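Could you put together the complete structure from these sequences and hints?
Those protein sequence lines, which keep their order, are chains H and Z. Each residue of the first sequence is one higher than the one before, starting from 1 at the first, in our numbering. Each residue of the second sequence is one higher than the one before, starting from 1 at the first, in our numbering.
No lab work stands behind these hints, which were simulated from the structure alone. All figures in this text were calculated on a predicted structure; none of them were measured in a lab. Honestly, I wouldn't trust all of these hints.
Pairs count within a copy or across copies, as identical chains cannot be separated in the list.
To be verified - List time: in silico EDC-like cross-link candidates among lysine to aspartate or glutamate, alpha-carbon distance up to 20 Å:
no.: 1; residue 1: K31; residue 2: D87
no.: 2; residue 1: K16; residue 2: D207
no.: 3; residue 1: K307; residue 2: E216
no.: 4; residue 1: K307; residue 2: E224
no.: 5; residue 1: K21; residue 2: E382
no.: 6; residue 1: K169; residue 2: E126
no.: 7; residue 1: K16; residue 2: E5
no.: 8; residue 1: K228; residue 2: D207
no.: 9; residue 1: K52; residue 2: E231
no.: 10; residue 1: K376; residue 2: E61
no.: 11; residue 1: K237; residue 2: D207
no.: 12; residue 1: K237; residue 2: E5
no.: 13; residue 1: K21; residue 2: E5
Number of protein chains: 2
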Amino acid sequence: MLNFELYNPTNYVFGKGQIEKLATLTPKNAKILLAYGGGSIFKNGVYDQVKKALTDFEIVEFGGIEPNPRFETLMKAVEVIREQNIDFILAVGGGSVIDGVKFVSAAVHFDGNPIDILQKRLLIKENAMPFGTVLTLPATGSEMNSGSVVTIDATQEKLAFGGSAMFPKFSICDPTVVQSLPKRQIENGIVDAFTHVMEQYLTYPHDALLQDRFSEGILQTLIEIGPKVVENPSDYKLASNFMWCATMALNGLIQKGVPNDWATHMIGHELTALYEIDHARTLAIIAPNLYRVMFETKKGKLAQYGKRIFNLTGTDDEIANEAINKTVAFFETMGMPTKLSDCTKDFEKTADFIATRFEERGWFAMGEKQNITPEKVRVIVEMSY
Amino acid sequence: MLNFELYNPTNYVFGKGQIEKLATLTPKNAKILLAYGGGSIFKNGVYDQVKKALTDFEIVEFGGIEPNPRFETLMKAVEVIREQNIDFILAVGGGSVIDGVKFVSAAVHFDGNPIDILQKRLLIKENAMPFGTVLTLPATGSEMNSGSVVTIDATQEKLAFGGSAMFPKFSICDPTVVQSLPKRQIENGIVDAFTHVMEQYLTYPHDALLQDRFSEGILQTLIEIGPKVVENPSDYKLASNFMWCATMALNGLIQKGVPNDWATHMIGHELTALYEIDHARTLAIIAPNLYRVMFETKKGKLAQYGKRIFNLTGTDDEIANEAINKTVAFFETMGMPTKLSDCTKDFEKTADFIATRFEERGWFAMGEKQNITPEKVRVIVEMSY
Chain H
1 MLNFELYNPT
11 NYVFGKGQIE
21 KLATLTPKNA
31 KILLAYGGGS
41 IFKNGVYDQV
51 KKALTDFEIV
61 EFGGIEPNPR
71 FETLMKAVEV
81 IREQNIDFIL
91 AVGGGSVIDG
101 VKFVSAAVHF
111 DGNPIDILQK
121 RLLIKENAMP
131 FGTVLTLPAT
141 GSEMNSGSVV
151 TIDATQEKLA
161 FGGSAMFPKF
171 SICDPTVVQS
181 LPKRQIENGI
191 VDAFTHVMEQ
201 YLTYPHDALL
211 QDRFSEGILQ
221 TLIEIGPKVV
231 ENPSDYKLAS
241 NFMWCATMAL
251 NGLIQKGVPN
261 DWATHMIGHE
271 LTALYEIDHA
281 RTLAIIAPNL
291 YRVMFETKKG
301 KLAQYGKRIF
311 NLTGTDDEIA
321 NEAINKTVAF
331 FETMGMPTKL
341 SDCTKDFEKT
351 ADFIATRFEE
361 RGWFAMGEKQ
371 NITPEKVRVI
381 VEMSY
Chain Z
1 MLNFELYNPT
11 NYVFGKGQIE
21 KLATLTPKNA
31 KILLAYGGGS
41 IFKNGVYDQV
51 KKALTDFEIV
61 EFGGIEPNPR
71 FETLMKAVEV
81 IREQNIDFIL
91 AVGGGSVIDG
101 VKFVSAAVHF
111 DGNPIDILQK
121 RLLIKENAMP
131 FGTVLTLPAT
141 GSEMNSGSVV
151 TIDATQEKLA
161 FGGSAMFPKF
171 SICDPTVVQS
181 LPKRQIENGI
191 VDAFTHVMEQ
201 YLTYPHDALL
211 QDRFSEGILQ
221 TLIEIGPKVV
231 ENPSDYKLAS
241 NFMWCATMAL
251 NGLIQKGVPN
261 DWATHMIGHE
271 LTALYEIDHA
281 RTLAIIAPNL
291 YRVMFETKKG
301 KLAQYGKRIF
311 NLTGTDDEIA
321 NEAINKTVAF
331 FETMGMPTKL
341 SDCTKDFEKT
351 ADFIATRFEE
361 RGWFAMGEKQ
371 NITPEKVRVI
381 VEMSY
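Rendered as C-alpha cells:
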C-alpha cells in the first residue's frame, strides 16, 4: 500500500429534511452569497427550503452559474462578494455550482490574477472564503472533496485545481431531490460516479486489498441501482444509495494508498470544452477505448473487475476483454452514447487537436504507469469516433 | 437509509516512515505531554523516532497507562498537565493509551468532577485539550474516532463516552510497528476489528446497500489476511491492510445510515471489568452466542453474511446457522478462546451478576431492535460458560 494522508473535514449531512439544519450549520451572523445555477432550484422546492431555513441571515443571490462553470462568470461573483462584504458562500446546486463556488472561494482573497489558479494549477491551502453546499444533483462528489474543474471561455480550456482549503464546511445531501431530476441527469450522474471509481480502481493489481473492496462495493451498488433509479427516481432506497455512492466515489477515500489513472477525465474534459458534450457522456465514450488501448497495462485489474463485478469466467485475457464489453453495455443501459459521432458531426480533427494540445501542455506521460502518451491519446480518441 | 451526519476531521497519516512528520503536525511551540503505556515503545523503536522528530519541542512524559485504562491513573495525568502548563497531548500507543488520552483531554478543563464524564456518559463537544496519536497497535479504531472506554477501578466499571471534541487532531499509523507485536496482540486486534464491523453490520437487512458492501469488504479482508499476518507480521502488505482495516472498522463510516447493535461489546466490557480478560477475547466468547440467542432477529443478515462472506448455500436458516459456526471457526483460527471457562474458573455467577447490573443501570433494551433484555443477556452469558 502506498503512503497516504486522509483528511476530510467536511461535515456531511445526509437525509430527508436536512436542509432545515442550514441555520445551525451556517456561521452565526454571516452575510451569505447564495450561489446557484440555471434555476432548477426554483422548480424543485430547494430554493424555498433554503430561504426558509435562512430567514435570519442576510443573503445576496448570485444565479446563472452554468454547467461546466466559466471563469468569466465566476469572476462576476467574486466582484459581488468584494462589493457587498459577503463572508460566507452557500452553493446550492450540482457539481458545477459547487466547483464554481470553490473557485470563487479561492479567488476572493487571491493575491494576483485568479486565472493563475487554473492555468498554473495552484494548490489552495489557505485564505479561502468559507462555504457550504446544498447538493441538488448527485454525480461529481464535489460536495465532499477539495477539487474543482472550471472552464475558461476565452481559451476553451477546462482545468482542474484544488487544495485543503477547498473542502466545503458542510454539505447537505437530501436524496429526495433526485425525483425532480431529468432522466438524462440521473443517467449522467450514475456514469460519472462509476467512472470516478474506475479511474481510481482500474489500474493494476496491488496490495491495497481493502481499497479494492470498497471500490468494487461502489461499482456493484451503482450497477444494481443505476437502471432502477432512472425509472423510479422517487424511490428513496434507490435515490439515497445513488447519492451516497456518488459522494463516496470521489470524496478521496478510495484513492488513498493506490495508483490512480484519470486519463479518461483528461481526454473527456477536452471533448466537453470543444463540443459541450455532457461530462459523463465524454467519459462513457472514452473510457472503454482507453481500456482497449492500454489493455496490456490494465488487463490484470480488468480480470479482477470482470470476476468480482460481473462473475465472468475464462482465461484472464478473455475475462478482461469481456469486462470491457460489459462496461460498454452498462453505459448503454444508462443511455450513454458510445461514439463521438453520436454527439457531434465535427469530430474528424479531434484526435489531432487533443494530442497536440497535450503535447503543448507537456502532458507526455499520463495514467497510473505514466505510459499514456499523446500518441496513445490520439489512438484512443480516433477509436472513439 | 437512515439520516446521518458524517464528520471526521482527524488528519490520518498512514505509511512507512511517517513518524518524522510529527514536527509539522504538532502545533508550533506546544508544550507536549507524551503519554504512553507499559513501555513497549522503548523496545520497538517508536519512542526514539518520536523523540527525534520532536527535538525542538518541550516534552513532559507520562507513562504507565494500563490496558483498559484506569480513571484513577488518568487523573494523575490531568494533574501533571495542570501543574506543568501542558497545551498538547501526544498519545503513543494502542487503543488503551489513546482512549486514556481522550479522557485526559476531556477532563483537564472539565467543570465539575470528571468521573461524571464516564458515569453520566457526557457528550464532550468543546473545551477539550487538543491531542494527536502515534498508533502502535491496530485494533480499536480509536485513532480515527471520537469514542473512548475507560475503567473505574473503584467500582469495577468499564464505561464508554465520546463527543465531537474527542477526534485526534492527527494520527500517525505506520504499519511497520506490527512486526514488533506479540502474536496474541495481533490476534486480538484482528478479532477486535472484525467484531467492530459485525456490531454495525450484523443486524437486519436494510436499504443501505453500500454500507453493507463496505462492511463486507472489511470482513473479507480481515479473513484473508488475519491468519497470515499472525505468521508474517513483518510482511508489509499484510501489516498495512491489517492496520487500515482496523481503522476503517470503527472510524464512523460504516455505521452511518444503518442500525447498530453493540450489545456484544456491552456484555464483553463486563467480562473484562470482572476478570481482566482481553477485550477481543470477551467479544469472541460472547458474539456467537448472542447471534444464537437473537437468531430470529438476525437471521436475515446472517444469511446475507453467510452467502457473501463464506459463499454458503442452502436455505436461509441453514446458511445463517452455518455462518455462526464459520465465525467461531475464524475466531479459533485467530487463537481465541470460545468459552468463559477457558479464561476464568470463577464464572458461575457471572450471568446473574451482569444481568442484574444491566437492570440496575436501566439497560433494559439493547441491540438494533432494542429487544436484548437483561434476561436475554443472562442466557447469552450462561451459554458462554
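At most 20 Å between C-alpha atoms: does K16 with D207 qualify within a copy, between copies, both, or neither? between (38 Å within a copy, 14 Å between copies)
At most 20 Å between alpha carbons: which applies to K169 and E126, within, between, both or neither? both (14 Å within a copy, 18 Å between copies)
20 Å Cα threshold - placement of D207 relative to K237: Only across copies: K237 and D207 sit 6 Å apart there, 33 Å inside one copy, limit 20 Å.
How would you label the pair K52, E231 (within, between, both, or neither) given a Cα cut-off of 20 Å? The answer is neither: 31 Å in one copy and 60 Å across copies each exceed 20 Å.
20 Å Cα threshold - placement of E61 relative to K376: neither (45 Å within a copy, 58 Å between copies)
Regarding K21 and E5, is the shortest C-alpha distance of 20 Å or less found within a copy, between copies, in both, or in neither? between (30 Å within a copy, 11 Å between copies)
From the Cα coordinates, with 20 Å as the cut-off, is the pair K228 and D207 best called within, between, both, or neither? between (34 Å within a copy, 14 Å between copies)
Is the C-alpha distance from K307 to E224 at most 20 Å within one copy, between copies, in both cases, or in neither? both (16 Å within a copy, 17 Å between copies)
Could you place K31 and D87 in one of the four classes (within, between, both, neither) given a Cα distance threshold of 20 Å? Classified as within: same-chain Cα gap 6 Å, cross-chain 34 Å, threshold 20 Å.
Quick one: K237 to E5, C-alpha cut-off 20 Å, is that within a copy, between copies, both, or neither? between (33 Å within a copy, 18 Å between copies)
When no copy is named, should K307 and E216 be tagged within, between, both, or neither for a Cα gap of at most 20 Å? Both ways: K307 and E216 sit 11 Å apart in one copy and 17 Å across, limit 20 Å.
Within, between, both or neither, where K16 and E5 count as close if Cα-Cα is 20 Å or less: between (32 Å within a copy, 12 Å between copies)
This entry does not satisfy hints 5, 9 and 10, going by the numbered hints stated previously.
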